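Produce the complete structure using the sequences and hints provided.
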Amino acid sequence: DTGVSQDPRHKITKRGQNVTFRCDPISEHNRLYWYRQTLGQGPEFLTYFQNEAQLEKSRLLSDRFSAERPKGSFSTLEIQRTEQGDSAMYLCASSFSGGIGGYTFGSGTRLTVV
Amino acid sequence: GENVEQHPSTLSVQEGDSAVIKCTYSDSASNYFPWYKQELGKGPQLIIDIRSNVGEKKDQRIAVTLNKTAKHFSLHITETQPEDSAVYFCAASRVGNYGQNFVFGPGTRLSVLP
Chain Z
1 DTGVSQDPRH KITKRGQNVT FRCDPISEHN RLYWYRQTLG QGPEFLTYFQ NEAQLEKSRL
61 LSDRFSAERP KGSFSTLEIQ RTEQGDSAMY LCASSFSGGI GGYTFGSGTR LTVV
Chain X
1001 GENVEQHPST LSVQEGDSAV IKCTYSDSAS NYFPWYKQEL GKGPQLIIDI RSNVGEKKDQ
1061 RIAVTLNKTA KHFSLHITET QPEDSAVYFC AASRVGNYGQ NFVFGPGTRL SVLP
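Read top to bottom, the protein sequences are chains Z and X. Per our numbering, the first sequence starts with residue 1, numbered consecutively. Per our numbering, the second sequence starts with residue 1001, numbered consecutively.
Just so you know, these hints were derived from the structure itself, not from any lab. Quick caveat: nothing in here was measured; it's all calculated off a predicted structure. Among these hints, one or two may not hold up.
Derived DSS-like pairs: lysine-lysine, alpha-carbon spacing no greater than 30 Å straight-line [claimed, not checked]:
#: 1; chain 1: X; residue 1: 1071; chain 2: Z; residue 2: 57
#: 2; chain 1: X; residue 1: 1042; chain 2: Z; residue 2: 14
#: 3; chain 1: X; residue 1: 1037; chain 2: Z; residue 2: 11
#: 4; chain 1: X; residue 1: 1042; chain 2: Z; residue 2: 57
Below, the structure is given as structure tokens:
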């Protein structure tokens, strides 16, 4: 199965530390999205790439957050100086620009900031 | 911006009965409406979608209806089975040339009782 892969699945970190998550999209998909999901809520959009270009960022993405997709393949999401409010599930999704349709989501990285 | 509301927040049905989940959206420019199913510890999975030029779409036991005038859409699941138990999210988006960012509803936890 070549679905969307996210690593790690779980991350526990101390407040103030930096963390980095990785997403490997479906290989033929050129669009990649990051969403954040807190307990009991729907996913909220963070940012979006088409190939290597970051085309849109949400106001939720503070300056402590940075995302990259250097070669248009995998992507990383880094959170600097983590805060307890950053605790959430971080979901990556990918899609193909050639059609209109839903994304394929990965299983997410659950971040707990203690 | 877009705002999506979803009702009910929890729904319990007997196996074999039907389940209906309703969503409303605020942006009349939204033109694509997917439904996702999320099981515990997993990412959301697309189960059905509808575009604004269609009023109804059916896929086996699942159907979605859209009323553009009233700006609401609904998910109908017939002959429910225990494996239908999950959290269901509706979403709305405006598809453009540069990707489609979904605004999700808060979710409905469906429990199918055997």
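Each hint tested on the structure:
Of the pairs offered as hints, the one joining residue 1071/X and residue 57/Z holds, with about 26 Å between alpha carbons and a cut-off of 30 Å not exceeded. At roughly 25 Å between alpha-carbon atoms, residue 1042/X and residue 14/Z fall within 30 Å of each other, so this suggested pair holds. Restraint check: the Cα-Cα separation between residue 1037/X and residue 11/Z comes to about 24 Å, which is no more than 30 Å; the hinted pair holds. This hinted pair checks out: residue 1042/X and residue 57/Z have alpha carbons roughly 24 Å apart, not beyond 30 Å.
Figure legend: structure checked against the earlier numbered hints; every hint is met.
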